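So the chains spell out like this:
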Amino acid sequence: AQKVTQAQTEISVVEKEDVTLDCVYETRDTTYYLFWYKQPPSGELVFLIRRNSFDEQNEISGRYSWNFQKSTSSFNFTITASQVVDSAVYFCALTGSGNTGKLIFGQGTTLQVKP
Amino acid sequence: DTGVSQDPRHKITKRGQNVTFRCDPISEHNRLYWYRQTLGQGPEFLTYFQNEAQLEKSRLLSDRFSAERPKGSFSTLEIQRTEQGDSAMYLCASSPGLAEGYEQYFGPGTRLTVT
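Protein sequences appear in the order of chains A and B.
If you read the first sequence in my numbering, its first letter stands for residue 1, the second for the next number, and so on.
If you read the second sequence in my numbering, its first letter stands for residue 1, the second for the next number, and so on.
Calculated directly from the structure, the hints in this document are not laboratory data.
Source: prediction; values computed, not measured.
Warning: the hint list may mix true and false statements.
[Unchecked claim] Here are the simulated lysine-lysine pairs, DSS-like style, with alpha carbons at most 30 angstroms apart: (1) B:Lys57 <-> B:Lys14; (2) B:Lys14 <-> A:Lys3; (3) A:Lys70 <-> B:Lys14; (4) A:Lys3 <-> A:Lys38; (5) B:Lys57 <-> A:Lys38; (6) A:Lys16 <-> A:Lys38; (7) A:Lys114 <-> A:Lys38; (8) A:Lys114 <-> A:Lys16; (9) A:Lys114 <-> A:Lys70.
Produce the complete structure using the sequences and hints provided.
What follows is the structure, encoded as structure tokens:
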């Protein structure tokens with residue numbers, strides 16, 4: 001069965017610090033997709049990134065970067081020079097089996113960035 | 001592109017009453033998903049539609065729950081004889097593709113409180 005584990009429940013940092021959010025997944029599928037979503041206090045989930053299982057290239061988008069390692073089944077997310085606006089709950093997700101596209105979410109990591 | 005919309009945003013109901021939620025996906029998106037999110041947890045998959053066909057239902061979706069997507073446009077989720085355990089945020093998402101791996105765009109959710 002698929003599973004996503006985000007072991008860090010809450011992280012608190014001071015503005016401008018770098019922070020890494022961990023995500024470990026389990027799946028028996030050879031083809032799968034991984035996602036990160038942001039849920040700010042307003043509540044609406046915002047898509048951040050998608051990676052497929054055949055592309056282990058790391059990705060950088062502004063202050064955000066993602067490290068995908070199949071060998072350790074991890075898909076970690078780093079925010080560089082954090083800002084107060086980064087405060088939110090971040091979810092890692094994995095596609096379920098059967099080409100349905102349904103997402104299996106982790107429990108989320110609450111990030112608090114203090115000024 | 002107006003995004004995914006959901007109505008109502010909040011619903012308070014008494015135990016035993018029926019409630020219905022509506023989701024309007026992004027225009028021309030083929031897939032529509034329903035998730036449920038309880039406090040401190042990640043969203044959990046309930047069901048999804050590909051155009052007007054409901055293709056999968058989670059075990060979380062008891063007989064009291066029913067969903068429709070007539071004509072492959074908007075969708076409704078009805079809960080009959082609500083119970084306090086139904087209190088949660090109900091999220092709708094739509095996706096442009098007919099295969100897995102496409103990102104899902106989420107609506108703002110409907111927060112249900114059963115008293």
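So, going through the hints one by one against the coordinates:
no., hint, in the structure
1, B:Lys57 <-> B:Lys14, "holds (26 angstroms)"
2, B:Lys14 <-> A:Lys3, "violated (35 angstroms)"
3, A:Lys70 <-> B:Lys14, "violated (48 angstroms)"
4, A:Lys3 <-> A:Lys38, "holds (19 angstroms)"
5, B:Lys57 <-> A:Lys38, "holds (25 angstroms)"
6, A:Lys16 <-> A:Lys38, "holds (19 angstroms)"
7, A:Lys114 <-> A:Lys38, "holds (18 angstroms)"
8, A:Lys114 <-> A:Lys16, "holds (9 angstroms)"
9, A:Lys114 <-> A:Lys70, "violated (33 angstroms)"
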